[in-house]
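A.B. asks: The numbering of the sequence shown is the working numbering, which starts it at 1 and goes up by one.
Heads up, none of these hints are tricks.
Restraint ranges, calculated between C-beta atoms of paired labels, are given here:
| # | residue 1 | residue 2 | range |
| --- | --- | --- | --- |
| 1 | 233 | 289 | 15 to 25 Å |
| 2 | 147 | 20 | 34 to 44 Å |
| 3 | 72 | 159 | 16 to 26 Å |
| 4 | 270 | 111 | 15 to 25 Å |
| 5 | 83 | 149 | 16 to 26 Å |
| 6 | 19 | 201 | 45 to 55 Å |
| 7 | 71 | 158 | 26 to 36 Å |
| 8 | 247 | 199 | 15 to 25 Å |
| 9 | 140 | 233 | 20 to 30 Å |
| 10 | 295 | 117 | 50 to 60 Å |
| 11 | 285 | 196 | 21 to 31 Å |
| 12 | 19 | 250 | 16 to 26 Å |
| 13 | 248 | 295 | 20 to 30 Å |
Hints listed in this document are in silico derivations from the structure and should not be mistaken for laboratory results. Source: prediction; values computed, not measured. Beta carbons are placed, not taken as given, at the ideal position from N, Cα and C, and that holds for glycine.
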Amino acid sequence: MPDAFRGTHTALVTPFAADGSVDETELRALVRRQVDGGVSGIVACGTTGEAATLSRDEQIRVIEIVQEEADGRVAVTAGAGGNATADVLEFLSRLEPIKLDAVLCVVPYYNKPTPAGMLAHFRALADAAPAPVMLYNVPGRTARNMPADVTLALAEHPNIGGVKEASGDLDQVGHILRDAPRRFSVLSGDDSLTLPMMVLGALGVVSVVSNIDPDRMSRLVGAARASDWDEARRLHHELSRLMSLCFIESNPIPVKAAVAMMGYCAERYRLPMVPLEEKNRPALDAELRRLRLVQAGVTR
1 MPDAFRGTHT
11 ALVTPFAADG
21 SVDETELRAL
31 VRRQVDGGVS
41 GIVACGTTGE
51 AATLSRDEQI
61 RVIEIVQEEA
71 DGRVAVTAGA
81 GGNATADVLE
91 FLSRLEPIKL
101 DAVLCVVPYY
111 NKPTPAGMLA
121 HFRALADAAP
131 APVMLYNVPG
141 RTARNMPADV
151 TLALAEHPNI
161 GGVKEASGDL
171 DQVGHILRDA
181 PRRFSVLSGD
191 DSLTLPMMVL
201 GALGVVSVVS
211 NIDPDRMSRL
221 VGAARASDWD
231 EARRLHHELS
241 RLMSLCFIES
251 NPIPVKAAVA
261 MMGYCAERYR
271 LPMVPLEEKN
281 RPALDAELRR
291 LRLVQAGVTR
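Work out the full structure, taking the sequences as your base and the hints as a guide.
C.D. replies: Set out below in structure tokens:
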């Protein structure tokens, strides 16, 4: 049975057609590629999927397509965040007919809730969610870090299964892993911190890089889960430049550019996201070639 709280879960890019609509054909192909690449799951409509510029109706359709195409072969997690609790609750009710393995709910952004507000928000969502909640702490985007004691309090809720931790604070991660209930999972929200977090006890990653190289990222996580640290280190170092290049500009600009360079989707974004700057393309292209993900003169 697919498990949304361990392994490699790709934060999938959302492809757009020339008219700006979601390209459903390309989306289905991207899902198939991830399944074939060995990932444990797919996260639809997260930050990397440009959820912020998708309407709620479009988000529902993307999530439906991902679930249909995955067809039970990998876990499917739906991005279901927002900074208005009532709006998120309404969206969660719309997700109920879709068979999901988890819903990913980010700390509310812009309005900067207090720890008490975070607790009230996530408890309300967990009480209503049609699938287990994965908390998402990403202070670089929300302007609020969710403290470890808040995460640990929420970990006691029976419908909260884990947290995607992207604080970059290994002390905080260690605190959560030390004191959380055994059933509560921690996943890395940063590709580059996956290995050190798994050394501490994290169970996997919600990955940007696996859009590009699902095989290597899945093998890295698999090696770490098997305590094959030499192999995990080797794969981490092999991917480390690509991990950095995926954030040379705002996510998901570089990763979508890379997927486009590989021939798997068109490089189209919705404003205010714009294409990768020309000065940054040679380094990304060179790294894809070094990893043999694209070859000179070969297009797909």
